[in-house]
Amino acid sequence: MHTYKGIPCMTGIAVGEALVMPRDVEHHIHRRQVAPDEAAREDEKCRAALAKAAEEIDREIEQLRGYGNDASEIFEFHKALILSPDLAQAIRTHILDGHMSAEYALFTAMRRWHEHFNGLNSQTAAQKVHDLVDVERRIMRHLVGGAMLGFGSLGREVVLVAHTLTPSQAASLRKTKIKGFATDIGGQTAHTAIMARAMAVPAVVGTGDLSLRIRGGQTVIIDGLKGLVIVDPDSATLEGYREQERRHRAAFDALVAERDLPAETIDGYQVEVLANIELPEEVEMALAMGARGVGLYRTEYLYEECHEPSEDMQYNVYHEVARSLGGRPCIIRTMDLGADKFAHEGQQDGERNPFLGSRSIRYSLQRPELFMVQLRAILRASVAGDVRILFPMISVVEELREAKRLLARAKEELAAGGIPFRPHIPVGIMVEVPSAALTVGQLAGEVDFLSIGTNDLVQYSLAVDRVNQRVAHLYQPGSPAIMHLLRHIIAVAQKLSKGVCVCGEMSADPRFVLLLLGLGLREYSVAPLAAPLVKHIVRSVSLAEAEAIAEKTRAMDTAEKCEAFMSERLAALVPNLM
Amino acid sequence: MTKKPGALSGNDTAEAVVQIANRSGLHGRPTTMFVKLASRFKSAIKVHCTGQGKEVDGKSALAVLSLGMEYGKKLCIRAKGDDAREAVAALGALVRDKFKED
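As they're listed, the protein sequences go chains A and B. Per the working numbering, the first sequence runs over residues 6 to 583. Per the working numbering, the second sequence runs over residues 3 to 104.
One chain only, chain B, in its complex shape (with noise of 0.2 Å):
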């Protein structure tokens, strides 16, 4: 479930860092919305917590729920491929929005 950062492969690259605003966390409803979203994009979409190097697959839900990313704790974005900037932007914004909840 780790992979080395790093391992992203095209041409543009994107990085975002985002805290989570929505008091529940990275819990089933918006990890189901967060990786839905991700799996729009081309680009390759990597997470981790900030300060805790593991990197995981944005676009597997498992793989996203399995960081534990509670309120107040800080998602890095990264993405590589042709649409990497949209896709950060775009997670990025769904993140801060709270998933819609609050």
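So here's chain A without its partners, still in its complex pose (with noise of 0.2 Å):
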């Protein structure tokens, strides 16, 4: 049994047969036994394999002949690699007496040699293992035909073990049986988390080396919650582990079941749930989670597919969305670009502190002709339905009015062009900085929504890293500063009148779900699979009870008393919850 740790990108259980697709193998591996009847021609099929790649070679080093021997001799080796009988022996082994497929079996027997060679106490040979895995490519190539599988062929539920994954392979996985991911590298923002997010399915990034260390088939629990990945785990450990993913199960399947049940409470009040999504895809699901709309739609993944995606395909993708929410609300917030997510090229170049750099809305007004063609985009798409706009990371007044004073003028360059657009869009803000959070009253008057996001909100509120692990334990959403916080923006948006949501992680944490209902709250936006839930605990209580507790929390000094007391509220009001 091996653990590793990463960062949790998803949260939930998944047990699963491991499919591996370490780094620059680009031929997914996953364990395939075949019949006895039919080892036969998996071996035939491998030998012509080995055949081909070596004559490929030859090709290539009569290719390059007349370019000096440096570059041949390079190749010569990779063919006296292929054509050594131990590799074609233990295939052969693996294929015969192991019944693996041919694949599968040349993956083992590279393995095998992988680990040898880092293992022994020679440079000459651990330099070695690139050449091995071009050899594997080169040799897997021909195996497969050419083509890479493609993830949609999956029969059965697996759990993908990556070095990392390119767009268009996280895109292939969307439809797929795959239960979770972990990948050797990337943050809470690469592909597969987000893909992870997308799909609802566990996942932990940035484990080091773990696609090198694990064979295709073994058995692997991805703990979401924890960020850890364990590798052939004790019979006790798997037990554990396979008893709380029923349990997960069992109670989603319960919130589930209930998720067209207003959200409710005893004493008669309406809260609107909302989702937040990251790909068009996922609005289905959000609906079929029972959210009223999407109430965050973030934006930056299409600047991850494409670098500077043009007006139409960025109009194409909104519509869409737009479209199939039939009118409910769609909350489009622009390019959030930099720091903890996706950067745009050359963004953080001698940045020394990029949370506090150029990042968000401070980019997309130094990159006007960037961000005009995404406002037009959304204006267009406008007329769909109920779409919104969002400004992230508002942080002075000035820039609230920059933003504005480019939405007018791309809706005039519209009207000049006859192009249709709803003219009086809603604009809001994410209220995420400190000094937005201060001045909360003076820009609710410029907007005509607010939006918490309280992810950055707590880390900018306290000065904490969250990735850090060294300070991790000082970021406190329960803390009386961000409690003081949220009360006064809660407060300042009533009084104004203007709508407020809060589309942070806390507004699906059951115990905040609570307390901020008791603070005024009336809209959350969560994770499409976590409507279900906010659901089930607004109808749980009366908005008395919730203001009780929110009043109670008043006079906590810290964070850790705070927490404890919402959790004992919830367990006395919300029982049986996971």
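No lab work stands behind these hints, which were simulated from the structure alone. Please note that the accuracy of each hint is not assured.
[To be verified] Far from chain A, by Cβ distances over 10 Å, these chain B residues were calculated:
hint : residue
1    : THR15
2    : GLU17
3    : ASP59
4    : LEU64
5    : ALA65
[Stated by the list, open to error] Derived pair list, reagent style DSS-like, types lysine-lysine, alpha-carbon separation capped at 27 Å:
hint : chain 1 : residue 1 : chain 2 : residue 2
6    : B       : LYS100    : B       : LYS75
7    : A       : LYS57     : B       : LYS100
8    : A       : LYS503    : A       : LYS409
9    : B       : LYS38     : A       : LYS50
Because the structure is a prediction, the values reported are computed rather than measured. Virtual Cβ for every residue (Gly too), placed ideally from N, Cα, C.
Using the hints, put the two chains back together into the complex; each one sits in its own frame.
Rendered as structure tokens:
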């Protein structure tokens, strides 16, 4: 049993068989057993692939003739590796005795050589691992007929362990039965993380070199709550996680069963539950989970797939989201690039502290030509439904005014071209910087609605990078300072009759759902899968009870006391919760 | 990848121990040269690093490389078969000649 630690990016538990996609091996391999009578064919397939790979090298050497010896020497060496009798023999043994498919046999044989070479106390041999990888890719390409296998053909439930995923690979995973992900590199905003959230499967990223240490078919547990990947768990651990997985599923199924009941407190107060999405496909899931619309549509993904997405391309995507929401709210957040999210080319060059640098709306305003493209696309899509615009990370009122000026210019341009749009499209801002929270009265006067981004608000208010293990314990959503800011923002919004929503992780934390309700919040925007949970909690309590809880926390001087109290009240009011 | 010593077939046997004399050791190019030369002989050829019992196929690049033979280490070459002596002599000379490197 080995445990690897990474960064959790989608909560939940997945137990499954590993499907491994290590670095530089473009073909994914999964453990496939073959019947004894198929073994001869697999063996033949492998021999043919080895021969073809060697012939291919001969042709390449021929082409290199006259270009000096160095290049062809490497090819000669690779050819010698491919023709090593040990390799063919090892593959043959795996096929005949292990009943492995040709691909899996090659993969398994190669992993053993990798391990051996890495274990050698010799620089010479260790450097040769790269050659092995290259040779493996070459043989594998011939084995699978030159084409990369599609993930869509996966017949059963597996857990994907990859070095990293390209956008197209991540995209091809959308409609598969993959139960969970783990990748060697990446942060919470990597493709893998986005895809995991869209597919609602647990994921852990940044596990180091896991993909090289694991073999396809090994049993893997992905603990998306603690950010752990456990390989070959002992039976007690495995049983413990299986039980947890079952409990989660049962509890979740019970919540989903009542997803269409209204989010209304016992004493009859209505609450709005919306969804946070990143991909157009998630609208379907959001609605299926009982969300009343989209409270936060993150658009960074478009910039990751394509460096400068065109106006038409963006228009098509936004239009599709708005259309499929059929008149329900569709709040599109303008590009929030940089810092922990996908950074645009050159954006963070020479920045000592990207979180305090040119990120989000600041970057958008520094790149008006790029920003205008997005504003025009959103405006054009606004005729398809209840589209609203959300500007992220406003820290001073000048930024808001400048963004609104550009929006007005985009409207003029469209009007001049006779292109239709919603003229009074509602405009809102994210309140996620302490300065915005403290001056929210002034800012709210110039917008239609507010959205509280609790992740950044907590991080900036407490000056804590929550990914930094040395200070992560100071990232305390329940701290008195945060409670004070939330109370202030919600109260001001109510006084000015502006809509206010919470769209950070806090809004899906059961304890805070209760507290925020008591503070006066009436709009939550959460991950699609969390919508049934939030609705269930709201339905289980009365507003009077929630207000009493919020009032009681006023006197608490530490996050620990506040969170313990909320947990205790939650358990009393909403029993049998996960 | 490991074979028991003494599993050679044929009549003649020959054996030689040579020190790796080229600075970069048995890396890609020398390994290729060694294996290519070994493959020209009918005899079965086994090699190992002296002091380390593991003996491997001298005609397999993967296996020879896996010995991790660096500069100064001693390689034992054993051959069994009709041309065993020629094989050991030729392979020994290749190593002593530093694979035409340095």
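Structure-based check of each hint:
{"no.": "1", "hint": "THR15", "verdict": "21 Å, holds"}
{"no.": "2", "hint": "GLU17", "verdict": "21 Å, holds"}
{"no.": "3", "hint": "ASP59", "verdict": "6 Å, violated"}
{"no.": "4", "hint": "LEU64", "verdict": "4 Å, violated"}
{"no.": "5", "hint": "ALA65", "verdict": "5 Å, violated"}
{"no.": "6", "hint": "LYS100(B) x LYS75(B)", "verdict": "13 Å, holds"}
{"no.": "7", "hint": "LYS57(A) x LYS100(B)", "verdict": "33 Å, violated"}
{"no.": "8", "hint": "LYS503(A) x LYS409(A)", "verdict": "18 Å, holds"}
{"no.": "9", "hint": "LYS38(B) x LYS50(A)", "verdict": "25 Å, holds"}
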